[in-house]
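Student: Following the hints, position chain B against chain A.
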Amino acid sequence: MNESRILEAVNEKQEELWQEVFAYYYAALCSYAGRLVQEPVIAEDLVQDILLYVWNGERKFVQLEELTNYLYRATYNRSMMWLRSEKCKSKHLVRLQEESRPESEEMFIETVREELLRQLYLYIDELPTEQRKVIRLSIEGLSVNEIAEHLGISVNTVKTHKKRSFKQLRGRMKEDANVFWLAFFLF
Amino acid sequence: MGKSVEKTVDLLRKSYAGKLEESEQREVDRLLSDERMRQLYECIGDDEYLIREFRRYDAYLPDRGYQAFCRKIRRQKMSRVWRRLSVAAVVLFAVGCGWLLMNRMGTTEPVVVATSTVEHGNYRAYLQLSSGKRILLEDAEQGELHEAEGSVRVDSGKVLYATDKVSQSLNTDAYHILSVPPGGEYRLLLADGTAIHLNAETELRYPVAFTASERRVFLKGEAWFEVAKDAEKPFVVETELGYVRVFGTEFNIRNYAIDHEIKTTLVEGSVGFLRKGDRAEQYTKIEPGYQIRCAEEAGSRPEIRKVKVADEIAWKNGAFCFVRCSLERIMQDIGRWYDVDIVFTEDALRQMRFTVTLHRYQDIGKLLRYFEEAAKLQFHIQGKNITISRK
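Residue numbers (the working numbering), protein chains in the order written: chain A, 1 to 187; chain B, 1 to 391.
Just chain A, same shape as in the assembly (with noise of 0.2 Å):
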């Protein structure tokens, strides 16, 4: 994933490059709004509208955090104005008020949060191929056993591979220091 096509995408407005926008950011989004709304039907929706508003406006990102950060307040916005609007509805209310906790602090710590599993999620693609295989069949639903009889590797491997693929998703750094924990683990 190239980070500078992100940006061209967003600044530069290029439809086919928002392909990889939807790749790198929408599930993430999705699931943050997912999380305050409760409704993934919703959270889909405006995670839509936002994205919609940034093709519509002007702004241009210099650095990827800054759109990043960006894209996380606007969800977390969005999410509470719709939350405001279903108000009436008591169940809302009691979340609303359950939430003495400055907004602030619960947005950073929330977002902290997102933007970890997004980037794991994204770094499983860059996994070795039985070791994504082993992450992908586990995410689907199927035990260590089944996995093993679909792979057709043993049920200690299966165990092996899912214990050091979460681990490398947790610690691998970004760029230069991906290529020498890679390295490490090599030699």
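Don't take each hint at face value.
[Claimed, not checked] Residues on chain A that point at chain B, a partial pick, calculated with CB under 8 Å:
#, residue
1, F108
2, L116
3, S143
[Unchecked claim] A few chain B residues that don't get close to chain A, going by computed Cβ distances all over 12 Å:
#, residue
4, R55
5, A68
6, K220
No lab work stands behind these hints, which were simulated from the structure alone. Cβ atoms here follow ideal geometry from the backbone N, Cα and C, with glycine treated the same way.
Tutor: Quick look at chain B alone, frame taken from chain A:
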């Protein structure tokens, strides 16, 4: 926000990798002194938590999001173009009227431009009355049919039965059959207030009035139902494979012969499925958001799984929605809607998988272009045949 998300994320990941420097370690310790941050750190450190969260991620398909986005952009562009065009059109219309008047009654024949013989489906169906008489219902058909068993109204794509008690009591066991050919869809409002939407290549047999102790209809193909509540008269949909029993609800049944299975998706309410030959107490029940699937082969049991309801009933809202679907299945649905036959030049092509949402009311060429671009395929349309090969 004050604090940097990026910096915090980097620090935490370094910590998972065990590569923190001393000063960084102090910073992480300080971060984790916040109870919620510590919980978060433990969550991300838990493999099973990650699996659960990634499963949630998987449900949000970026490709589908991207396509919806592109459609919205295009619609925006169109509406801008339209605004300009509409001004131009008014001017042109005025000029045209003037010109026509000058030429008295224009004798020019309209020129028909033949492009492709393949057209998308439309509101089209045959209504067979109990007398055996068959009536073709076209898109914009309107009017009333006065038959021995009471009156039936047809109104632009819908068949409506009178819901008042008097006409219901007229004839007790008359049945009508509404059959939709390939390349059609049609809607139906039954005497009890139940609304049904039939997809292409589908047939439904139903009583004109529901006088028996249960409301029973017979389905071949695919249809969406919104059943009117009536606690005393359960609604039963009978298919080749089994029965779907309904208690006032909204759901979709798909049971094309070529699928070799029946799929019942529940939008709202409660339904149960019973395989033919099984005992009545063996009804499998589901909750909204779930689907019962039962394969045709003898001995296979109904399975329940969670589905995205919007995907399952997309056809009703004018879209095809395919999620990790084989090209073979996809082309079956497309062929049924555009009324064309499909030929694969290579068997391997049948197994290619796609995830995509496509508009049903568009030119088939445009629709196929998506597959041409996404997978280097070539579609050759000749008459009512489409041949698929590699580019």
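Student: Sort out which numbered hints this structure fails and list those numbers smallest first.
Tutor: The structure breaks hints 3, 4, 5; every other hint is satisfied.
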